[in-house]
Every structure is written in structure tokens, then in C-alpha cells.
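Protein sequence lines correspond, in order, to chains R and L.
If you're matching positions, the first sequence starts at 1 in this note's numbering and goes up one per residue.
If you're matching positions, the second sequence starts at 1 in this note's numbering and goes up one per residue.
For the record, the hints were derived by calculation from the structure and aren't laboratory data.
Even glycine gets a Cβ: it sits at the ideal position worked out from N, Cα and C.
Warning: the hint list may mix true and false statements.
[Stated by the list, open to error] In silico DSBU-like links for lysine-lysine, alpha-carbon gap of 30 Å or less:
1. R:K149 x L:K253
2. R:K142 x R:K10
3. R:K9 x L:K171
4. L:K170 x L:K253
5. R:K10 x L:K253
6. R:K149 x R:K160
7. R:K9 x R:K149
8. R:K142 x R:K9
9. R:K9 x R:K140
10. R:K9 x L:K170
11. R:K10 x R:K160
12. L:K253 x L:K171
[Stated by the list, open to error] To give a feel for the contact side, a few chain L residues facing chain R, derived at Cβ under 7 Å:
13. Q31
14. D41
15. F43
16. K44
17. D47
18. H180
19. Y196
20. F198
21. V239
22. A242
23. R245
The primary structure of each chain is shown beneath.
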Amino acid sequence: MKFFNAFRKKSPWILHYNAGSCNGCDIEILAALGPRYDLERFGVINTGNPKQSDIFLVTGPVTYRSRERLVELYCQIPEPKVVIAVGSCTAAGGVFRGMYNVEDGIDRYIPVDVYVPGCASSPQLIIDAVVESLQILERKSKAIETPFKLFGAVETVAGKLSRLGMAKKVTDAED
Amino acid sequence: MSLVMILLAPLLGGLVYGAERVLRARMQRRQGPPLLQPFYDMFKLMDKRTLIIHAPHALLAVAHFLLLWLAVGALFAGWNLLYIVFLHLFALIVLVLAGYSVRSPYSQVGANRELAALAAYEPILVLLAVGFYLVAGSFDVSAILAHGGYLAQMPLLFAALLIILPIKLKKSPFDTVEAHQEIVGGVEVEYSGLFYEFLYMARFLEYLFVYGLVFLFAGASPLWGLLLVLAVFLLVNLVDNATARVRTDQMVKIIYATAFTMATANIIWISL
């Protein structure tokens, strides 16, 4: 509904995920949320829970270990949602580009709405990206957005696609 | 008058919550969100796509909200205080059931902690009602409010209420039930969209319930009651900003060692 669209950008809740970053950008994100830069004045809360988030802040080049979680977290965020790639690693691999354990950037796996440059990117840039992403969030529809790649086997249950074994009931649950 | 208050209770609670977020920001030298931020959050949550685990899980959140509203409404309407305390207990048991009804470990741990917290503070709420009965001669909230102030006769019970307030408001040092950094909100972890909103609004009602209990201590004069609520509001947020979280078992021990002992001593002292 049109009435509610105005409130999307007044209360963006953030999910922050480190996909193998060196922690440089994570510290800058926490600085942006902290008292000095105070992202909360825009209504931002760092929820840590994908099911209650609107903005997905990802840092780091995607390592092989973290890509499943990245896609899983992206799928768990209910629409409307936006993705912000924080730092050069997340955009194109940065200093890790071409390494054997690293995918170069997250846009191989999930669609990205805003890229933030910098190694490490500054709190000002992150605030700018969040404010920029709010306009995208306001325009978005509630249509389901899918990642580019899915991990693990899938099966069809009652005409719907489901992760393998997820729809089966656990009958012999102990304790 | 009280009917209007009851109907507007979530709005009033939302304002209290918004004021608290501004106050906490100012205590940390931040600008903080606008006063109406909780309502913006509410409207946004209505617009989100809702993911439901299973129907009872979603409905228990609604039941929790409605039961809490009933408890707060009964408090405003001047019903029996003991009933109100047990209605509130019922609302929380519903929430615990919701936490146990999904297989998410965080939800289960959150429900465990919610039960431990209930075991810690519920005796004090009951003793509080008993204290009011012994002094005012009635459990009815309207009769309690007609009597003069209670602070002179129930100072230890008031202190006990102050100690359990952080558990109810989910604040440091007793915020293990929610603990966003370790169990991501506990029982509310699997909720999203519209049904999370009911839990979010239940939080507003919890504020009204707790500050309503504080208000009772002033008795017949509403002005002193409001001043008391304001002082407690500042104190709770100051303590929240100044302390770290304790473990759940430590919390239960601390509550029983201090608040429960003080409450019992005060009851014995009144009835002597």
C-alpha cells in the first residue's frame, strides 16, 4: 500500500554480516552506529536477526566458508529488502582478489543495490550508503527476490520448491 | 475516561518507549531517533512480508499481546490487583509456550530464560499485591488508589520493585531474557512482519504495566504518582546505561537474595 511506503525509510533495521572481511569495515560500521556518528537518529537498529531486518550490510570478499550463510541470510530477510556491499573487497575482491579461498565480490551470489568504496570505507560513506539505500527501499515492491545461486539440494513438496529434508517432520525427537 | 485510556494504551506505551529511546540517546550524548520512532517501526512492520513458522506460533504472539492489554486495561479500570498480576503471568506463560513451540535453539533458550526470570520476579509481584492488601485493606486498585501514600509503610517492597524493574523492561543488568548480542532476542527470534509487531507492541504495554505498579505507590495523589514514575524512569535508564549484563543464574540468585528477602521482611513488618 502507498500509505506504508513512507514509513519504510523512517525505520530501516540493519543486519550486518561479515563474509570473511578483515574486520576493518566492521569496525567502521560499528563506529557509524555508535554515539559519534549516531546512525540511530535515522531510526536504524542493528537487529542481528534476518527475519526482522530491511537492510543487509555485507562486508568482506565472500570466502568459500561464508557463501552458504550469505545466501541463507539473504533468503531469510523478508521483502522489501536492500543489500549494501561495504568496502572494496565486497565489490570486487579488493586485496584478496584472485586468492584460492575467495570469491571476488558478493554480486555473484546476491543482487546488490548500493556499493560502498574504500578500504576500509569510512563511517561517513556508510551513512551515505544507508541513506541512499532508503530511497531504493521506498521504491521497491514486495515481490520475492531470489539469490543468483542456491546451495544444497532442493526438492519439490506440494508443488513448492523446498530445501532437501526441510519439509519432513521429525518424528523421533529425543529429550 | 478509563475506557479511553484502555483503548489508547498501546499508543501511550509507544510514546513512553519513544521517550525512553530519546532519553537513552541523550545520556550517551547522541541525538537519538525521533519521539514517534516506535510508531514508524510499527507501520513499517505492517508493510513487511510475513514469514510464519506455524499457525499456533504466530497466534500465541497475538494472544500474548491481547492478554497483556487485558492486564493493563484491568489496572486502568481499577480491578483486583491480584487478578491483574496473574493475568500478566498468564500473558507471559503464553509467550514462553510460543518460544518452546519452534525448534530454533535461540527461541528455546529464550523461553528457558523467560521462565527463570518469571520464577525470580513473580513472587515479588504477588508479595507486592499482598503488601497493598495489608495496608489498604483491599486488593482492588481503585481502593488502593483511594488510600494515602504507601512509601512510608512499604519502602522495602518499593525497593524490591525497583530491583525487578530491569527484568520486566528488558534492561541491563537483567536483560538476559532478550540479550540481543547472544541469543538475538530470545523468544522473538522467529517472528517477522505483522506478528513480530504484536510482540513489539506488547513491549509498550509492559512499560505501562510496570510504571502503573510504580504509580500505585503514591496512592491518592496523582501528581506524586507521576513524579515517582518520572524519577523511576530516569533511574532505570541510568542503571541501564551504566551496568553490564549478568548471567541468568546470577540474576535469579541476586533477585532472591535481595528483592525477595526485602519484600518478605516488609510483609512481616507490616503484619506485626
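Each hint tested on the structure:
no.	hint	verdict
1	R:K149 x L:K253	violated (50 Å)
2	R:K142 x R:K10	holds (17 Å)
3	R:K9 x L:K171	holds (27 Å)
4	L:K170 x L:K253	holds (17 Å)
5	R:K10 x L:K253	violated (41 Å)
6	R:K149 x R:K160	holds (18 Å)
7	R:K9 x R:K149	holds (29 Å)
8	R:K142 x R:K9	holds (15 Å)
9	R:K9 x R:K140	holds (11 Å)
10	R:K9 x L:K170	holds (27 Å)
11	R:K10 x R:K160	violated (35 Å)
12	L:K253 x L:K171	holds (17 Å)
13	Q31	holds (5 Å)
14	D41	holds (4 Å)
15	F43	holds (4 Å)
16	K44	holds (4 Å)
17	D47	holds (4 Å)
18	H180	holds (6 Å)
19	Y196	holds (6 Å)
20	F198	violated (13 Å)
21	V239	violated (19 Å)
22	A242	violated (15 Å)
23	R245	violated (15 Å)
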